[in-house]
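Chemist: Residues per chain, in single letters:
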Amino acid sequence: MAMEEKHNQPKNSPIRRREFFKLCGSVVAGGSILAVAGGLAPKLGSKEEDLFWQIDPTVCTQCGRCETHCVLPVSAVKCIHAHRVCGYCDLCGGYYRTNVKELNTAAENLMCPTGAIQRKFVEDPYFEYMIDEELCNGCGKCVKGCSSFGNGSLYLQIKQDLCLNCNECKISTVCPSGAITRVPYATAYKLKE
Amino acid sequence: MRKLKTIATLVGGWGIAQAQNRFPKPDFESGYQYPDLQYAVPNETLWVILDLLLLVALMGIVTWALYKKHTRGPIFWVSLISVGYFGFFREGCVCSIGSIQNIALALVDDSYHLPLTVLLFFLLPILFAFLFGRVFCAGVCPFGALQELVNVKNYRISEAISAALKVIPWLYLIFAVLYAVTRSQFIICQFDPFIGIFRLGGDMGLILFGALLLVMSIFTGRPFCRFLCPYGALLSLFSSVSIWKIKLTRKSCINCELCHNSCPVDAIRPPYANKLKESRSTGVRRLLAYFVVLPVMIIAGALLMRMASPNLSRAHKDVRLYDQVIQHEAQPEEELSLELEAFYGQGRSVEEITALYEAKVTEYRFWCTIAGALMGLVIGLALIRLSVKRSRKQYEINHANCVACGQCFNYCPQNKQMNESHKPSES
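If you read the sequences in order, they're chains A and B.
FYI, in our numbering the residues of the first sequence are 1 to 193.
FYI, in our numbering the residues of the second sequence are 1 to 427.
By construction, these hints were calculated from the structure, which means they are not laboratory data.
Do not rely on the hints blindly, as some may be mistaken.
[What the hints assert, rightly or not] Quick partial rundown of chain B residues pointing at chain A, CB under 7 Å, derived from the structure:
#	residue
1	Ser30
2	Pro35
3	Ala40
4	Leu53
5	Val94
6	Gly98
7	Ala106
8	Pro115
9	Phe186
10	Cys189
11	Gly202
12	Met204
[Claimed, not checked] Derived DSS-like pairs: lysine-lysine, alpha-carbon spacing no greater than 25 Å straight-line:
#	chain 1	residue 1	chain 2	residue 2
13	A	Lys22	B	Lys245
14	A	Lys22	B	Lys166
15	B	Lys25	A	Lys141
[Stated by the list, open to error] Output of the computed footprint for chain B on chain A, the stretches with three or more beta carbons under 8 Å from beta carbons of chain B:
#	segment
16	63–71
17	107–118
Quick caveat, the model's predicted, so the values are computed rather than measured.
We treat Cβ as the ideally placed atom computed from N, Cα and C, and that holds for glycine.
Chain A extracted, bound-state conformation (with noise of 0.2 Å):
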């Protein structure tokens, strides 16, 4: 019937016409998904994945956007402490604020907005530094304290656990010193210690 209707068409009839346009559209269509293919293949498994945002801690500035910026209602970002290169002071500049007072435990006294460094004593006189993660918001004041008095062993990280895994991780385009970038599996912490 198909076949009857297209024969009795004139030669150059609109409908001969627009199905020609057709083919070539599909031929078109086809051929683009096949370069777009071909042409991005060779670039693909040359390299290991790239799957994770992280943060390079030598290049973090501790802008304190990781903790406004993230777009969990708590950012993944959060500080992580490398024991190893603690000095275990007890005069510690990620713990205590700048020109306090009276060295003891009262809020005004402490860097952490929220409680999440815990310390306990070891013997005289080192004391250790813990993080609560679940009270850790990423904001980078104790970091910034510990970078510039101390080892800088308290440093941000994002807790591929929280992350989303965003497409363009929103830290990222606000970060000023452009310190978090894609990396592949193995390297998805960049550890101090």
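Given chain A, put chain B in place with the hints provided.
Modeler: Okay, now just chain B, sitting in the frame of chain A:
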């Protein structure tokens, strides 16, 4: 005091750049052991494989429902699964709509590493669109599925308004690619209206916009898909030249108009008798005249965007930083912003940022010109399309706009007769 603060931060900044060991490692005498902390890395590969399998499986189900079963039933369930899995469980990333930007960036920038999953998320729906029509839009895309699920009534938007609005996805696509190839921003991801709803939190303005779109989609089908989605624009191209096309009914159309009323995206065109009697040669000449105007629009678009390129380039971080640095160099007493603190803290020089700035502006001038030409082309073609009026004797599906949701199947009386006549023979 302010100066002191600045110096302190600068010292801090330099401190990080160098390895610091201000205090020696303590010698513990009490046998203290360093705590062993492990940081979990989720098995992303597993999820990614599941994502891809589900993507193909769901598109397969939609295709089967459309071509074999002629019914919407399975598509509804696919929509639910998609909203549940891709939307609320996987929380949106990476999606096919956003993958446009990764692909565009990978095409122009060899150093950008494109994961295989992103390529497949981009290509598979396009491949399906080229073969069967927009089966991805039907219910596999969580955005479309969500809007389809809340849709109740189909108020028509006047043709003039919808013709104008349909240019927006193309312009959005062009801007998204422009900002992606210049490594500025992924604007599709940044201004995603539904991601906040899927993640149950996020930017308040965007969530409100998403909620507004959902309220609108109660009254008219899929406002996001029709008037915003850049990936939908891309798919419509492939769908309009697809190899197999969705048919409303296997029997002949009885011109009852029910399918037209049921279509949420206004993709079924009613019969139309072209009353305008003009000779063929006048029509052809008119169309040719339009096509002479088209290059003028392309050139005008290219020039306009080229002129706007210095302003548009502010979307890039380096350009904004350069502006700040220049301003600061002119008035050094002003307080440093976070960007400038990082800039000086890292010990970068003005010459370096100036070189980066100039390279970026040149890059922008080039890409803006191309983007402007494409914008002229899109607007020109949209105008020319308005002048083409074809006669139709029956209700016809406009395959570019059809999102393959299958709403019309259940409304077509010809389909119903077929089902009823089948039933007795089966039992």
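Chemist: Decide, hint by hint, whether the structure agrees.
Modeler: Comparing the hints with the structure gives:
1. Ser30: 4 Å, holds
2. Pro35: At 6 Å from the nearest chain A Cβ, Pro35/B passes the 7 Å test, so the hint holds.
3. Ala40: 5 Å, holds
4. Leu53: At about 18 Å, which exceeds the 7 Å cut-off, the nearest Cβ of chain A leaves the hint on Leu53/B violated.
5. Val94: Hint on Val94/B: holds, closest Cβ of chain A at ~5 Å, below 7 Å.
6. Gly98: 5 Å, holds
7. Ala106: OK, holds: Ala106/B within 7 Å of chain A, min 6 Å.
8. Pro115: Holds: closest Cβ of chain A sits about 5 Å from Pro115/B, inside 7 Å.
9. Phe186: Result: holds, 4 Å to nearest chain A Cβ.
10. Cys189: At 5 Å from the nearest chain A Cβ, Cys189/B passes the 7 Å test, so the hint holds.
11. Gly202: Since chain A brings a Cβ to about 5 Å from Gly202/B, closer than 7 Å, the hint holds.
12. Met204: Check failed: Cβ of Met204/B comes no nearer than 12 Å to chain A, outside 7 Å.
13. Lys22/A <-> Lys245/B: 12 Å, holds
14. Lys22/A <-> Lys166/B: Since the Cα atoms of Lys22/A and Lys166/B sit roughly 22 Å apart, the hinted pair holds (cutoff 25 Å).
15. Lys25/B <-> Lys141/A: 23 Å, holds
16. 63–71: Since 4 is at least three, the answer is holds.
17. 107–118: violated (count 0)
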